Amino acid sequence: MTDADASRVPDSRRHWQKPPFIANPWLRWGVVLGLLLYAVWAISTLPFDLDRISQGMTRASRIFSGAFPPNFARYELLIDGFLESLQIAILATLLGLILSVPIAFMAARNIAATPIYLLGRGIIIVSRSFHPVIVAILFVKAVGFGPVAGILTLTLYSIGFVAKMLAERIEEIDRGQVEALRASGSRYIGVLQFAVLPQIMPRQIGLGIYQLDSNLRASAVVGIVGAGGIGSTLMNAFGRYDYDFALAITLVIIGVILVSEAISGRIRRSIG
Amino acid sequence: MLRIQNLVKRYGHGEPVLRGLDLDVPGESVVSIIGASGAGKSTLLRCINRLVEPSEGSIELNGLELTSLKREPLRKARRRIGMIFQGFNLVDRLTVMENVQCGRLGYIPYWRAALRKYPAEDIERAYHLMERVGIAHYANQRADALSGGERQRVGVVRALMQQPEILLADEPTASLDPVSSRQIMELLQTLSQELSLPVLINIHNVAEAREYTQRIVGMRFGKLIFDGEPADLDQQAMDAVYSGTSETTQAASDSAPMPMVTP
Numbered sequence: 002m003t004d005a006d007a008s009r010v011p012d013s014r015r016h017w018q019k020p021p022f023i024a025n026p027w028l029r030w031g032v033v034l035g036l037l038l039y040a041v042w043a044i045s046t047l048p049f050d051l052d053r054i055s056q057g058m059t060r061a062s063r064i065f066s067g068a069f070p071p072n073f074a075r076y077e078l079l080i081d082g083f084l085e086s087l088q089i090a091i092l093a094t095l096l097g098l099i100l101s102v103p104i105a106f107m108a109a110r111n112i113a114a115t116p117i118y119l120l121g122r123g124i125i126i127v128s129r130s131f132h133p134v135i136v137a138i139l140f141v142k143a144v145g146f147g148p149v150a151g152i153l154t155l156t157l158y159s160i161g162f163v164a165k166m167l168a169e170r171i172e173e174i175d176r177g178q179v180e181a182l183r184a185s186g187s188r189y190i191g192v193l194q195f196a197v198l199p200q201i202m203p204r205q206i207g208l209g210i211y212q213l214d215s216n217l218r219a220s221a222v223v224g225i226v227g228a229g230g231i232g233s234t235l236m237n238a239f240g241r242y243d244y245d246f247a248l249a250i251t252l253v254i255i256g257v258i259l260v261s262e263a264i265s266g267r268i269r270r271s272i273g
Numbered sequence: 513m514l515r516i517q518n519l520v521k522r523y524g525h526g527e528p529v530l531r532g533l534d535l536d537v538p539g540e541s542v543v544s545i546i547g548a549s550g551a552g553k554s555t556l557l558r559c560i561n562r563l564v565e566p567s568e569g570s571i572e573l574n575g576l577e578l579t580s581l582k583r584e585p586l587r588k589a590r591r592r593i594g595m596i597f598q599g600f601n602l603v604d605r606l607t608v609m610e611n612v613q614c615g616r617l618g619y620i621p622y623w624r625a626a627l628r629k630y631p632a633e634d635i636e637r638a639y640h641l642m643e644r645v646g647i648a649h650y651a652n653q654r655a656d657a658l659s660g661g662e663r664q665r666v667g668v669v670r671a672l673m674q675q676p677e678i679l680l681a682d683e684p685t686a687s688l689d690p691v692s693s694r695q696i697m698e699l700l701q702t703l704s705q706e707l708s709l710p711v712l713i714n715i716h717n718v719a720e721a722r723e724y725t726q727r728i729v730g731m732r733f734g735k736l737i738f739d740g741e742p743a744d745l746d747q748q749a750m751d752a753v754y755s756g757t758s759e760t761t762q763a764a765s766d767s768a769p770m771p772m773v774t775p
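Protein chains in written order, with the numbering used here: chain H, 2 to 273; chain W, 513 to 775.
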């Protein structure tokens, strides 16, 4: 093709632009301008104090230099804290798994009558709507500092997740097995145990292992607000300016979570 | 003796699936129900054990009116009606023995089943029936480890464990290979004689229906339009049961009684 040919092609066939993400130009530029204005206003109203920031930097460097090398001298406290975290995680997982089964049955549309279904969904929504840290603060207020608050918090947290996932599994079951047992004149509870439960057990085991891993991690976090376990140990170390011990705790938490994640991942894969 | 009179089933406000169907199944006969898909065969069987609620009419099993039963009496009546399914509907993750014992769930206290403390006579009966159909050596295998034909045998034993007064089989051979399919039909035929049990079989395979049953009924648009011995089912009867697509012929049959408007 020569230059002369190219010049005969109309311009509109030689240029192309990607259509804008928001088609309406007023809306498009309005959103951009609005975000910019808000960012400028938000930054201008924050009390940015360069003095404090520079002081903070020196404090941070003092903390980090104080933290090195990590100090494992009080390993007994560390081990006690971890055993308590493990206790919280395991007990909360067991309680959560047991309680989530009836709630999941209540919250499955194909099994439960509508009022029961709404109640079940309500329990799940409530137990999912708050972050465990907020729930832990409430339970620490209610039952005092210590592992009981942690167990209650993580039980609720487990119910929210496990019951929701399990209810979704129940809604996908093979209806034929249910039909067969109904046809044989079995009681309702028999249908649930022999036609529904066997179909959802593999999912429940997988969820249990996942939740144990997740609870172990969360138990370190809720400990910080006083719900027992390694989180409380960590908070105390910070409170006493034992930064080297705090770093030791942090490193062990990272190690334990990596190990538990690897183990739970492997088990869940082998269950399939 | 099963006696069905004027059975009507309508889903919602749509066209009825069963339109005033009458059927008597006396004694220990094996009856095949043939008909195109959508003729209402499955609905008919499921009305008998009330997995589907009949809209009108009466179903009597050995003198017991089934259509008016509720809750506990309905559950007890269902124990007397065994059912076999196209998809077997076994509990895949349980052992063959547990599946077979599911047929006793309606009779034994719940805790016995929950703890797997099955009554000795039930276990004995299960072994006896499983030996009869040739699956006793699978008792401890998981149901999903068996082949199609073997799984349907488990389904048959589960139904027989109910000590039923009638056996309903909904396309029992449709998911099976030809050899297993014939074995299951033969089994149903001989079991019916051995246990003097009436058997109702929905079936697509007309050749098997002719070979293994003494009586064939043909359904079309929710009514019986053929009832006779295999020898009576000639080409004309076959055409009446199967020919034409359901929509066009149904429209024709619906409009037929309307008075013609002549110019």
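Simulated from the structure, these hints should not be mistaken for laboratory data.
Since the model is a prediction, treat every value here as computed from it, not as a measurement.
One thing to keep in mind: the hints can contain errors.
[As the list claims (entries may be wrong)] Anything over 12 Å on all C-beta distances counts as not near chain W; from chain H, calculated:
1) Ser-66
2) Asn-72
3) Tyr-189
4) Phe-195
[What the hints assert, rightly or not] 20 Å max Cα-Cα, derived SDA-like pairs, lysine to any residue:
5) W:Lys-629 - H:Gln-194
6) H:Lys-165 - H:Arg-188
7) W:Lys-588 - H:Lys-165
8) W:Lys-588 - W:Ser-549
9) W:Lys-629 - H:Lys-165
10) W:Lys-582 - H:Lys-165
Don't be surprised by glycine CBs; every beta carbon is placed ideally from N, CA and C.
Evaluated hints:
no.: 1; hint: Ser-66; in the structure: holds (59 Å)
no.: 2; hint: Asn-72; in the structure: holds (52 Å)
no.: 3; hint: Tyr-189; in the structure: violated (9 Å)
no.: 4; hint: Phe-195; in the structure: violated (6 Å)
no.: 5; hint: W:Lys-629 - H:Gln-194; in the structure: holds (15 Å)
no.: 6; hint: H:Lys-165 - H:Arg-188; in the structure: violated (26 Å)
no.: 7; hint: W:Lys-588 - H:Lys-165; in the structure: violated (35 Å)
no.: 8; hint: W:Lys-588 - W:Ser-549; in the structure: violated (31 Å)
no.: 9; hint: W:Lys-629 - H:Lys-165; in the structure: violated (33 Å)
no.: 10; hint: W:Lys-582 - H:Lys-165; in the structure: violated (33 Å)
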